[in-house]
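Knowing the structure of chain A, use the given hints to seat chain B on it.
Protein chains in written order, with this note's numbering: chain A, 1 to 115; chain B, 1 to 110.
Honestly, the hints are just simulated from the structure, not real lab data.
C-beta atoms are modelled at their ideal positions from N, C-alpha and C, and glycine is treated no differently.
Watch out, some of these pointers could steer you wrong.
Unchecked claim - Here are some chain B residues pointing at chain A (derived, C-beta under 10 Å):
1) VAL28
2) THR48
3) LEU88
As the list claims (entries may be wrong) - Okay, the calculated beta carbon distance ranges per label pair:
4) B:GLY16 x A:SER27: 40 to 50 Å
5) B:PRO81 x A:GLN41: 16 to 26 Å
6) B:VAL55 x A:GLY16: 47 to 57 Å
7) B:LYS70 x A:LYS17: 38 to 48 Å
What the hints assert, rightly or not - The list that follows gives simulated cross-link-like pairs (lysine to any residue, SDA-like), each with its CA atoms no further than 20 Å apart:
8) B:LYS97 x A:PRO108
9) B:LYS97 x A:LYS15
10) B:LYS97 x A:ILE26
11) B:LYS97 x A:VAL114
12) B:LYS97 x A:HIS29
13) A:LYS78 x A:VAL114
14) B:LYS57 x B:LEU45
15) B:LYS97 x A:LEU96
16) B:LYS97 x A:ASN62
17) B:LYS97 x A:LYS11
18) A:LYS11 x B:LEU45
19) B:LYS70 x A:VAL114
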Amino acid sequence: GAGVSQTPSNKVTEKGKYVELRCDPISGHTALYWYRQSLGQGPEFLIYFQGTGAADDSGLPNDRFFAVRPEGSVSTLKIQRTERGDSAVYLCASSLSAGGPGEQFFGPGTRLTVL
Amino acid sequence: TQLLEQSPQFLSIQEGENLTVYCNSSSVFSSLQWYRQEPGEGPVLLVTVVTGGEVKKLKRLTFQFGDARKDSSLHITAAQPGDTGLYLCAVSTNDYKLSFGAGTTVTVRA
Chain A
1 GAGVSQTPSN
11 KVTEKGKYVE
21 LRCDPISGHT
31 ALYWYRQSLG
41 QGPEFLIYFQ
51 GTGAADDSGL
61 PNDRFFAVRP
71 EGSVSTLKIQ
81 RTERGDSAVY
91 LCASSLSAGG
101 PGEQFFGPGT
111 RLTVL
Chain B
1 TQLLEQSPQF
11 LSIQEGENLT
21 VYCNSSSVFS
31 SLQWYRQEPG
41 EGPVLLVTVV
51 TGGEVKKLKR
61 LTFQFGDARK
71 DSSLHITAAQ
81 PGDTGLYLCA
91 VSTNDYKLSF
101 GAGTTVTVRA
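Looking at chain A on its own, in the form it has when it is part of the complex (with noise of 0.2 Å):
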C-alpha cells in the first residue's frame, strides 16, 4: 500500500539557495506534519496542518522556513536563502485526523544538505 511519499531523497545545495521539499501524504490523511532530524538527535516538530491550513506553525525556526499545503493534499517545504545548519533530515508525517492518540505515518524523509 502506499505510504508517505517525500522527494528529493537527498538534496544537496549552495549556502544561500532557495529549495523545495514535497511531501505526499497517505490518501485520505487529513492532518500533516513536518518534523527537522539532525544527526544524533530526534525528530523536532516544525509545523502542522489540518487540511489546508496550517494549524501550528511554532517550530519554524525562523521567517526563512514556510511551507504550503493548497488543495489539502501535498504539502512543500521551502526554505529561502539556506545556511549550513539547515543541513539535516526532514520528515513528513501524516494522520487520519489531528487530535488524540492517533498514529502519525512518517514518510522516509529528504536528507538536505546545504555546502
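Below, chain B alone, put in the same frame as chain A:
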C-alpha cells in the same frame, strides 16, 4: 533541556543477549510512545502506553510505563540483528505535536 532523556545513547550487543533502554522525564504524561527508526527511513510506531505501571509485550519486546507516568523502559529479549535501529520515545503535546527523545542507537552483532 530535553523533555525526554534517553539512555544509553549507544548500545552494542551480541545476538541472543538481552538489552534495556530507558526514557526518563521530570514531567508527567498521559501517554508515551516508542518508535524504531532504521537508516534512511522514518520512525515507525511500536507501541503506545497509557496507564501508569502498564506493561505491553510485542513478541520479544516488553514496554513498561512507570507508575508515576514520568518514565518508560523497553526491554528486548534474545536480541536479533533485525532489532538493530534507533529507538525513540515520544510524547504528544497539544494532541498532535510529538516531542521525541534523542534516541538510543542499538546494534545487534551476528
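Quiz item: Going back to the hint list, which numbers does this structure go against?
Solution: Hints 1, 9, 11, 17, 18 and 19 not satisfied by this model.
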